[in-house]
Structure formats: C-alpha cells, structure tokens
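Engineer: Each chain, letter by letter, is given below.
Protein chains: 2
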Amino acid sequence: MSNGGPEIEQLIQLLARLPGLGPRSARRAVLHLIKKKDQLMVPLSAALDRAVDAVRTCEVCGNVDTRSPCGICSDPRRAESGLLIVVEDVADLWALERAGVGAVRYHVLGGVLSPLDGVGPEDLSLDELVARAPQFSEIVLAVNATVEGQTTAHYITDRLAGTGVKVTRLAHGVPVGGELDYLDEGTLSQALRARTEL
Amino acid sequence: MSNGGPEIEQLIQLLARLPGLGPRSARRAVLHLIKKKDQLMVPLSAALDRAVDAVRTCEVCGNVDTRSPCGICSDPRRAESGLLIVVEDVADLWALERAGVGAVRYHVLGGVLSPLDGVGPEDLSLDELVARAPQFSEIVLAVNATVEGQTTAHYITDRLAGTGVKVTRLAHGVPVGGELDYLDEGTLSQALRARTEL
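As they're listed, the protein sequences go chains A and B.
All residue numbers for the first sequence refer to the working numbering, where the first residue is 1 and numbers rise by one.
All residue numbers for the second sequence refer to the working numbering, where the first residue is 1 and numbers rise by one.
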C-alpha cells in the first residue's frame, strides 16, 4: 500500500468521517483536491481555517453563526411576527430558512428525548426555551414526525402549559409533489382527517 | 436566507465541489464539522494545511506523493520485476496498489486520447513513457476498457513498437463475484474466447 504519504492518508481518513462520504469517495475527493490544488484545495484549506476561528453557537437560540447572538436573533424585524419555531437541529433551522418561512425566530433543542440513547430533558435546551417563551405569541414545534420527535413535542407542550403561550405543530399531510401510493398509511389518514375545503 | 455567515456559506460552496457531494450533502457535512469542531474540523483544517504544503506530483511516474520521485519510484525492490503498469489516473494506480499487484512500477498517463474532448497525444505523458520504456522488460496497459481507453492502448502500442519492449494489457473476463446474466455480451464473448483450462 503506497497511497502517497501519511499526509494524504490522514486527509482521506478525516474526510471519510464526513456524512455522505465513505473511504472510497473520500479517496476520490482527495485526488480531486490534489488535481485542483489552486482552485479548490488551497481555498478550502483557507475557508476551513477561517471557519474554525469564526464559527460559534448562538447563546440565545443555538444556531451556528459567526457571531452570538446570531444574525437571526439580532434582527429586530424577526421579533414582530411573535413566532418562535422550535427545531431539533441547526440543519432543520437552515431547511426552514431555505423554504423562506418568513421573519420568525428559532430555538434549537439540540436533539430529541430518547431514553434508549440516554437523552433526557436535561440534555436539551428546554429551560432556555421556557425562559424565552413569554417573549412570543406562538411557539411552533417543528420537530421531526418520528416517535421521539412527537414524544418531545408532548413533553414541551406540558412544560410550556404554564406560560400561557399558544403552542402549535407543523401540519401533517401529503408532501407537495408526492404520490399517494408511495405514502404510508399514517400520513394518508392524517391527510384525510385534516382535509381542507377547496 | 441566513445560513450563518459568509465563512460557513463559503465552506459549503467549496465542499459542494467535491465529487460525491452536492449542495445538500455539503451543508450536512459542514454542520457535522461544526458539531465535531475539536475532533474533526480542527484536525481536518490542519491536515489540509499540511497536504497543501506537502503534496507534489512525482516527476518520474505522475503519482501524487509528498516527495518526488515518489515512494514507488524510489523503492529499488520495485525495479526487480521489470514490470511497468500504465494507468490513466492516480486513482487507478491506487486501486492497483490496494489490490496488491506486487512490486511493480507505474506510469500515469493523465487521461486518455479523446478527440471530442480535445485531448490529443501531446496532452498525455507519452514521451515520458517512451523514454522510460527501455528500463522495463514488460509494459502492461491497464487503461479502462472504454472506447477511448482502447484507442489509447492501440496508440501506445504503436508508439512503443520501436522500443522492443513487450506490451500487454489486462485480461478481459467475468469479474470475480460477478453473475453471468448481469454481464454485457462483449464481456461474455471475450471471457469465452479467453477461456482457460481447469
């Protein structure tokens, strides 16, 4: 085995730990980086250096940004809607932002309750959520439609009951562009029950 | 859109240019890097810095390594077999090394002849190959079994005809573990013609 020195081997091993890349695709990626050294490898190295220094977690909502409070929490227009969207993960926050859900604020839980994985209420940013709640008129629980997600949603609803803030959840139904015969029964029956008039 | 500052956005865009990663998986990868800052992001940043400085192309064979001549070209035991394996790409060299083909040397062409893509003989390291040829007793053309690969193999055979070195190519046949009814007709007829006695 001579894959070109320990520096290259180590780079492959580190890239292989990224989600979506395995050892084989990490090797391809490293070769691509080496081929495009000036156009890709050098800028990527510099961008990573900058990100290592700059990235921090927002102390208010848990988003990642280069400042804390993050761009969303420090934008005064986002306070006007009175809407706080609770998500499991920063990836979900970014997905909602990409969907253009409007001038809202977020709260990143950092996971969902999962007794089997040893994740209890104290591991999530629930106290912070309860403390923030009175600033908002409505809290939308945008947790995943999994068993753990729904358990977490119920737990949060109980915790927020005392605050008097309205708590809602995302609608269940047929995904836009989705075909009915590929959908599971749970989604279909929920979509039928929540049918809307045309 | 507020994906957390220009540093994060730039990192996503650069990672999305790696083969096997698109914008969506690059975003997931960046979030993973941020979550595992100390275990993954910092080491990856350091490994990239080191690789940018260290990686070079071997001036003899075209392999990538941290020294030139590379580890393979400077290993005297690899001269004994007298075998030179010609490959299109460094990825192919690595694949053969992983397969443990033995103490051989390599020559990386840097591509295949492809008039449609504007790749002519002058774009490949063919003069270097002809110059190296007399040092070896046999040259194996391990180019891909594509039309371009086979055209390139014929061209190289012509170029090497004057050197008197024996030129061979990889065997065609049924891949180990392969099932006959998934194979194309070309492979099957080649495999039948090149059948060996048990």
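Check each hint, because a few of them may be wrong.
You can't tell identical chains apart in this list, so a pair holds if it fits in one copy or across any two.
Capping the alpha-carbon separation at 20 angstroms, the derived lysine to aspartate or glutamate pairs in EDC-like fashion look like this [to be verified]: (1) K166 / D38; (2) K36 / E179; (3) K166 / D127; (4) K36 / D49; (5) K35 / D117; (6) K166 / D53; (7) K37 / D117; (8) K37 / E128; (9) K37 / E59; (10) K166 / E80; (11) K166 / E9; (12) K37 / D49; (13) K35 / E197.
Derived by calculation from the structure, the hints in this document are not laboratory data.
Engineer: Output the numbers, in ascending order, of every earlier hint that fails for this structure.
Structural biologist: 1, 2, 6, 7, 8, 11, 13
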